[in-house]
Amino acid sequence: MPDTNNIVFLVTGASRGLGRAIALTSAKYYLTKYNDDSQSILQLYYILVARSASGLEELKDKLENISTSDNVRISAHCHIVDLGNLDDLDANLDKILKDVDSFTSDESSGDQHNIFFINNAGSLGHLGPCTTSPSLQDMRQTLDLNVTSCLWSSVKVAQHIKRKQEQRSTNSTLNAVLVNISSLVAISDDFVTMGIYSAGKGAREKYHTLLAKEEQQTSLDQWTTIKTLNYAPGPLETDMTTSLRNSESLDSNLQKNFDKQLLNVNDSAWKLIRLLDSNDFDSGAHVDYFDLPDSPPSRPCGCDTFVAFPPATPPGIIVFGKNSDRPTGEGQSIRRYPQKKYPPGSKVKCTYIEIDQVETTHAVLLSQIDWMFGAEMGSNEKGVVIGNEAIWTRDECQSEPKYLLGMDLVRLGLERGETAVHALNVITELLEKHGQGGPCAEDDPSFCYHNSYLILDGSEAWVLETSGRHWVAQRITKGVRNISNCMSIRSDFDLCSDNVCHHATEQGYWRESYGPLDFAAAFSTCGNAETEMSDQRFCGGRKLLEKYSNKGTMTKEAMMEILRDHKSGICMHGGGFETTSAWVSEFTTNGKDTNVRHFVTGGPHPCKKAFREESII
1 MPDTNNIVFL
11 VTGASRGLGR
21 AIALTSAKYY
31 LTKYNDDSQS
41 ILQLYYILVA
51 RSASGLEELK
61 DKLENISTSD
71 NVRISAHCHI
81 VDLGNLDDLD
91 ANLDKILKDV
101 DSFTSDESSG
111 DQHNIFFINN
121 AGSLGHLGPC
131 TTSPSLQDMR
141 QTLDLNVTSC
151 LWSSVKVAQH
161 IKRKQEQRST
171 NSTLNAVLVN
181 ISSLVAISDD
191 FVTMGIYSAG
201 KGAREKYHTL
211 LAKEEQQTSL
221 DQWTTIKTLN
231 YAPGPLETDM
241 TTSLRNSESL
251 DSNLQKNFDK
261 QLLNVNDSAW
271 KLIRLLDSND
281 FDSGAHVDYF
291 DLPDSPPSRP
301 CGCDTFVAFP
311 PATPPGIIVF
321 GKNSDRPTGE
331 GQSIRRYPQK
341 KYPPGSKVKC
351 TYIEIDQVET
361 THAVLLSQID
371 WMFGAEMGSN
381 EKGVVIGNEA
391 IWTRDECQSE
401 PKYLLGMDLV
411 RLGLERGETA
421 VHALNVITEL
431 LEKHGQGGPC
441 AEDDPSFCYH
451 NSYLILDGSE
461 AWVLETSGRH
471 WVAQRITKGV
481 RNISNCMSIR
491 SDFDLCSDNV
501 CHHATEQGYW
511 RESYGPLDFA
521 AAFSTCGNAE
531 TEMSDQRFCG
541 GRKLLEKYSN
551 KGTMTKEAMM
561 EILRDHKSGI
571 CMHGGGFETT
581 SAWVSEFTTN
591 GKDTNVRHFV
601 TGGPHPCKKA
611 FREESII
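Quick note: the sequence shown, position 278, residue 278 per the UniProt record's numbering, numbers continuous.
Source of the hints: derived by calculation from the structure; they are not laboratory data.
All values derive from a computational prediction rather than experimental measurement.
No residue lacks a Cβ here, since even glycine has one placed at the ideal position from N, Cα and C.
One or more of the hints may lead you astray.
[What the hints assert, rightly or not] Here are the computed distance ranges between Cβ atoms for each label pair: (1) GLU396 <-> PRO315: 40 to 50 Å; (2) LYS260 <-> GLU396: 23 to 33 Å; (3) PRO311 <-> ASN595: 12 to 22 Å; (4) ASP291 <-> ASP593: 51 to 61 Å; (5) ASP280 <-> THR553: 43 to 53 Å; (6) ALA610 <-> PRO293: 19 to 29 Å.
[Said to hold, decoys possible] Below 30 Å or equal to it, Euclidean Cα-Cα: the simulated DSS-like pairs (lysine-lysine) are: (7) LYS567 <-> LYS608; (8) LYS402 <-> LYS478; (9) LYS60 <-> LYS98; (10) LYS341 <-> LYS382; (11) LYS382 <-> LYS478; (12) LYS382 <-> LYS95; (13) LYS28 <-> LYS551; (14) LYS95 <-> LYS162; (15) LYS60 <-> LYS95; (16) LYS567 <-> LYS478; (17) LYS260 <-> LYS213; (18) LYS551 <-> LYS478; (19) LYS349 <-> LYS402; (20) LYS156 <-> LYS98; (21) LYS341 <-> LYS213; (22) LYS60 <-> LYS213; (23) LYS551 <-> LYS608; (24) LYS256 <-> LYS341; (25) LYS206 <-> LYS256; (26) LYS609 <-> LYS382; (27) LYS33 <-> LYS62; (28) LYS164 <-> LYS213; (29) LYS98 <-> LYS162; (30) LYS547 <-> LYS478; (31) LYS60 <-> LYS341; (32) LYS213 <-> LYS156; (33) LYS98 <-> LYS206.
I would like the entire structure built from these sequences, with the hints used as guidance.
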């Protein structure tokens, strides 16, 4: 019988900002984790608290409909409560804790119960010099919410946990973490004109630190733990920072710090959830966003695509290479599709949707994923080669509704593209018209992603990076370039979708004051300016390219060696993903004519398998 675990998230300030992001991010995190573990079942409960109903019911519906897995069951309850109203605070907390009680009762199945109390509610209060505070009532109102309510809520939850364990009839574990959403202002003296907010954060931090020490001295039993965590989420792009930017009384030097690109709430939420899940922190610790590793967890990483032009290659030679890393055991075959003509009004059935067919399709050679219409890599009779990569962006990519997959667009680009730039136009036009989305693994509906592409012919290459229906493209004609599971095009793109800049600013990913749109920094889930530097395989692949390019010896044989490299992680096997096929193309030109040869493994593990030459027809 599968093990059953129960996790309760009690989140205050849940209707927007960081609270909302923590709720959604944790659901996605655990959905991914438990989809990979058929031996365990997770019952995930959310108690969502906010002073306004706006957004709360919508969040509840989203949480309860996010899981398509039999292993993860999600339910949520909403409480519309003003936690700053101390007269009703005890009664409101008792109602909230009854929900906690129902989720952690002896009748609940499972041997392990974890409660994460995200103590997030708060307000800025008065901004300006301390001596300009408008009234005692104003100060008290801020401190009632930011301090008294926060501290008493943690006390009530801790007391509830202790009573709960005394009443339990079984020896199932009951672990609780009281998370105080802290800030750098709690431990720094630099935030002048934010005195009341800083005082509140400092008081919260000190109280939860002392609470942790007391609990360590009076440990309940081997079955129960209560820990605290002071988590500083970093400078986030929220309504609160908008207020700081617009304030006329905030210190001008301090205000400059908020008039630049700040962190995305989802990025900070990822780090917190990963930390809570690992339990790798000392109770009472102050942990800052910048103390934790950058990359989001639980995202299968795979695939690397490369191109090399002179002077990295010998004169007249262009080399393309790609590994296709897919779920272990998934079939991938070398397939040929001849040139074909279609009558007017014909349709073509892609993996999930049907679209209009063109009059004539080119002959193509594909390394095709067996259950898909499309492929991760291939070439056509016109000498165009395309490879794609999975990337994750701040725009959500879901399994429903289904649109075109990135692999569909690879095949469609090859069947319709006369040149690299023509194939680029084919892909972007179809992307804007039909969108991208849907499960990218046959047995995992949660495995969804956006796509990047490397598109090549005998004269130029294009790197195309996408987020939803938005895209940018960069032209390459010399040296080396690689792409992996990270975004890499900054402000130096040559082409873009018409509304990409508007979308970035509208969603809060970018501000005009930052300067020209930096696509990677704006859309990447890493939320920092060095997005590609955080990807191990991207950096490892670039170093391998540079190793050969510095000598001008990047040949097809050298590319094959790169695709066989284990140290960089480019050749992948063991675990849930493996290199299921590898592809190298060599373009040779004498100034007039270009000859293209293709070499493929047609099976997993290029480190063990020979490349064989394949023709289009």
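Here is how each hint holds up against the structure:
In this structure the hint that GLU396 and PRO315 lie 40 to 50 Å apart at CB holds, the actual value being about 47 Å. The given range of 23 to 33 Å is respected by LYS260 and GLU396, whose C-beta atoms sit roughly 25 Å from each other. Checked against the given bound of 12 to 22 Å, the beta carbons of PRO311 and ASN595, roughly 20 Å apart, stay inside it. For ASP291 and ASP593, the Cβ-Cβ distance of about 58 Å falls inside the hinted range of 51 to 61 Å, so the restraint holds.
A beta carbon spacing of about 45 Å between ASP280 and THR553 agrees with the range 43 to 53 Å that was offered as a hint. For the pair ALA610 and PRO293, the supplied restraint of 19 to 29 Å is violated, since their beta-carbon distance comes to about 38 Å. With a C-alpha separation of about 15 Å, the suggested pair LYS567 and LYS608 falls inside the 30 Å cut-off, and the hint holds. In summary, the hint linking LYS402 to LYS478 is not supported, as the alpha carbons are separated by about 38 Å, beyond the 30 Å threshold.
Restraint check for LYS60 and LYS98: the C-alpha separation of about 18 Å stays at or below 30 Å, so the hint holds. Using a Cα cut-off of 30 Å, the hinted pair LYS341 and LYS382 holds, with the two alpha carbons roughly 16 Å apart. Taking the CA atoms of LYS382 and LYS478, the gap is about 21 Å. The hint holds against a cut of 30 Å. For the suggested pair LYS382 and LYS95, the alpha carbons sit about 69 Å apart, so the restraint of at most 30 Å is broken.
Restraint check: the Cα-Cα separation between LYS28 and LYS551 comes to about 46 Å, which exceeds 30 Å; the hinted pair is violated. This hinted pair checks out: LYS95 and LYS162 have alpha carbons roughly 17 Å apart, not beyond 30 Å. For the suggested pair LYS60 and LYS95, the alpha carbons sit about 18 Å apart, so the restraint of at most 30 Å is met. At roughly 27 Å between alpha-carbon atoms, LYS567 and LYS478 fall within 30 Å of each other, so this suggested pair holds.
Restraint check for LYS260 and LYS213: the C-alpha separation of about 38 Å exceeds 30 Å, so the hint is violated. Distance restraint check for LYS551 and LYS478: the Cα-Cα separation of roughly 15 Å lies within the 30 Å cut-off, and the hinted pair is therefore satisfied. As the CA atoms of LYS349 and LYS402 are separated by approximately 13 Å, the hinted pair is consistent with the 30 Å bound. Between LYS156 and LYS98, the direct Cα distance comes to roughly 12 Å. Compliance with the 30 Å bound is thereby established for this hinted pair.
Taking the CA atoms of LYS341 and LYS213, the gap is near 76 Å; set against the 30 Å cutoff, the hint is violated. Pair hint LYS60 plus LYS213 does not hold up; C-alpha atoms about 35 Å apart against a cutoff of 30 Å. Taking the CA atoms of LYS551 and LYS608, the gap is near 27 Å; set against the 30 Å cutoff, the hint holds. For the suggested pair LYS256 and LYS341, the alpha carbons sit about 61 Å apart, so the restraint of at most 30 Å is broken.
The hinted pair formed by LYS206 and LYS256 meets the criterion: a straight-line CA distance of about 29 Å does not exceed 30 Å. Restraint check for LYS609 and LYS382: the C-alpha separation of about 28 Å stays at or below 30 Å, so the hint holds. At most 30 Å may separate the alpha-carbon atoms for a hinted pair to count; LYS33 and LYS62 meet this at roughly 19 Å. Only pairs whose Cα atoms come within 30 Å are accepted, and LYS164 paired with LYS213 is accepted, the gap being roughly 21 Å.
Taking the CA atoms of LYS98 and LYS162, the gap is about 14 Å. The hint holds against a cut of 30 Å. With a C-alpha separation of about 16 Å, the suggested pairing of LYS547 with LYS478 holds against the 30 Å cut-off. Restraint check for LYS60 and LYS341: the C-alpha separation of about 50 Å exceeds 30 Å, so the hint is violated. Between LYS213 and LYS156, the direct Cα distance comes to roughly 17 Å. Compliance with the 30 Å bound is thereby established for this hinted pair.
For a cut-off of 30 Å, the pair hint linking LYS98 to LYS206 stands: about 28 Å separates their Cα positions.
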